[in-house]
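Our numbering puts the first residue of the sequence shown at 1, with every later residue one more than the last.
Don't read these hints as lab results, they were simulated from the structure.
A couple of the hints might just be wrong.
[Unchecked claim] Okay, derived cross-link-like pairs now, DSBU-like style, lysine-lysine, Cα gap no bigger than 30 Å in a straight line:
{"hint": "1", "residue 1": "LYS145", "residue 2": "LYS159"}
{"hint": "2", "residue 1": "LYS48", "residue 2": "LYS145"}
{"hint": "3", "residue 1": "LYS153", "residue 2": "LYS29"}
{"hint": "4", "residue 1": "LYS26", "residue 2": "LYS86"}
{"hint": "5", "residue 1": "LYS26", "residue 2": "LYS159"}
{"hint": "6", "residue 1": "LYS48", "residue 2": "LYS29"}
{"hint": "7", "residue 1": "LYS29", "residue 2": "LYS145"}
{"hint": "8", "residue 1": "LYS159", "residue 2": "LYS195"}
{"hint": "9", "residue 1": "LYS189", "residue 2": "LYS145"}
{"hint": "10", "residue 1": "LYS159", "residue 2": "LYS189"}
{"hint": "11", "residue 1": "LYS26", "residue 2": "LYS13"}
{"hint": "12", "residue 1": "LYS48", "residue 2": "LYS13"}
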Amino acid sequence: RINLNFVRAPQSKQLREDNRGRPYIKDVKEIEVRTSEEAIDLLNMGLKRRRIAHTQLNTESSRSHSVLSMRLVQFHNDIPITSLTKDDLTISTIHLVDLAGSERVNRAKTVGERVKEASNINSSLMVLRQCFEILRENQAQGTSKMVPYRESKLTSFFKSYFDGEGRIRMILCVNPTVDGYEEIQHALKFGELTKDVMVPRSLPPPPVPPKTTRVVVLRETDNQQQQNIQAVLFTEFNAQALIAPFPSLEYSLFNGASDDEAISILEEHLRRRIEERQRLNMLIQEQQEFLRKFTVELVSDYESIMSNHDDLSKE
Numbered sequence: 001r002i003n004l005n006f007v008r009a010p011q012s013k014q015l016r017e018d019n020r021g022r023p024y025i026k027d028v029k030e031i032e033v034r035t036s037e038e039a040i041d042l043l044n045m046g047l048k049r050r051r052i053a054h055t056q057l058n059t060e061s062s063r064s065h066s067v068l069s070m071r072l073v074q075f076h077n078d079i080p081i082t083s084l085t086k087d088d089l090t091i092s093t094i095h096l097v098d099l100a101g102s103e104r105v106n107r108a109k110t111v112g113e114r115v116k117e118a119s120n121i122n123s124s125l126m127v128l129r130q131c132f133e134i135l136r137e138n139q140a141q142g143t144s145k146m147v148p149y150r151e152s153k154l155t156s157f158f159k160s161y162f163d164g165e166g167r168i169r170m171i172l173c174v175n176p177t178v179d180g181y182e183e184i185q186h187a188l189k190f191g192e193l194t195k196d197v198m199v200p201r202s203l204p205p206p207p208v209p210p211k212t213t214r215v216v217v218l219r220e221t222d223n224q225q226q227q228n229i230q231a232v233l234f235t236e237f238n239a240q241a242l243i244a245p246f247p248s249l250e251y252s253l254f255n256g257a258s259d260d261e262a263i264s265i266l267e268e269h270l271r272r273r274i275e276e277r278q279r280l281n282m283l284i285q286e287q288q289e290f291l292r293k294f295t296v297e298l299v300s301d302y303e304s305i306m307s308n309h310d311d312l313s314k315e
């Protein structure tokens with residue numbers, strides 16, 4: 001039985017990074033559950049601590065972001081728990097994030113402390129939107145603009161998911177009323193923006209070998225990179241297609257043809273040449289875009305290899 005008089009009010013948490021550079025929340029306790037009932041009890045406990053308030057637009061308006069993190073550990077039953085190693089475990093993590101709603105102060109009729117809360121919420125959601133916009137721009141144009149993850153705690157905590165270590169899905173809850181048209185439109189545009197971002201899933205980084213073997217690893221990496229370049233250019237860059245001959249005119253078709261028939265033959269020949277030219281122009285544009293993206297990847301790989309060489313020389 002819990003004495004409510006001694007239950008501390010929710011306090012602001014601090015984000016920290018572990019020795020692998022991954023963010024975690026300080027002083028947050030993980031609780032192991034073995035049944036769905038235990039999980040639901042914890043969820044209800046968290047919902048009671050969620051900060052909500054009554055506004056002109058919503059009876060229960062979320063005044064803070066809520067995160068439910070679940071870590072699933074899987075292993076074979078035939079292995080004793082005392083004998084388990086890291087290789088025997090499969091660990092997955094899912095975060096369910098309930099974003100606080102973005103409400104305009106003048107429409108929600110918020111005053112006092114609620115105005116400050118609304119400002120913080122809108123600022124956090126704006127940073128989230130900026131991250132998605134830059135990710136979409138980098139993806140569409142092949143650029144590498146810096147994504148402002150550190151501008152808010154929310155995006156800092158989920159940085160690895162934006163970088164491809166996980167998948168992100170967004171679910172929008174809207175109230176289809178005429179009065180809330182502007183808020184609904186804003187939310188739907190935000191959802192459409194997130195849908196356009198396709199983050200490639202990254203593989204876990206390999207363990208760093210000792211210095212005595214890192215030179216060999218770097219040499220193998222260089223050789224593998226050269227092989228990848230040759231393979232990509234051989235399979236994806238179709239240079240022969242760009243110099244394919246145009247359809248030739250078969251002069252034998254004019255033998256015994258009338259003037260009208262000859263004109264029809266010439267028109268058909270010209271039509272085929274125009275279609276072939278249009279096809280080649282489109283192919284050239286595709287090959288140019290491919291080479292541009294491929295060059296960007298090469299520069300990135302080259303900088304990574306040179307950075308590894310510099311690290312070795314410093315050691």
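Outcome of the hint check:
1. LYS145 - LYS159: holds, 15 Å
2. LYS48 - LYS145: Status violated; Cα separation ~40 Å.
3. LYS153 - LYS29: holds, 18 Å
4. LYS26 - LYS86: holds, 24 Å
5. LYS26 - LYS159: It holds: about 17 Å lies between the C-alpha atoms, which stays within 30 Å.
6. LYS48 - LYS29: Since the Cα atoms of LYS48 and LYS29 sit roughly 17 Å apart, the hinted pair holds (cutoff 30 Å).
7. LYS29 - LYS145: violated, 36 Å
8. LYS159 - LYS195: Holds: LYS159 and LYS195 sit about 17 Å apart, inside 30 Å.
9. LYS189 - LYS145: Answer holds: LYS189 to LYS145 is near 22 Å, not above 30 Å.
10. LYS159 - LYS189: Given pair LYS159, LYS189 holds - Cα atoms ~22 Å apart, limit 30 Å.
11. LYS26 - LYS13: Judged against 30 Å, a Cα distance of about 7 Å means the pair holds.
12. LYS48 - LYS13: holds, 18 Å
Violated hints, in rising order: 2, 7; the structure is consistent with all others.
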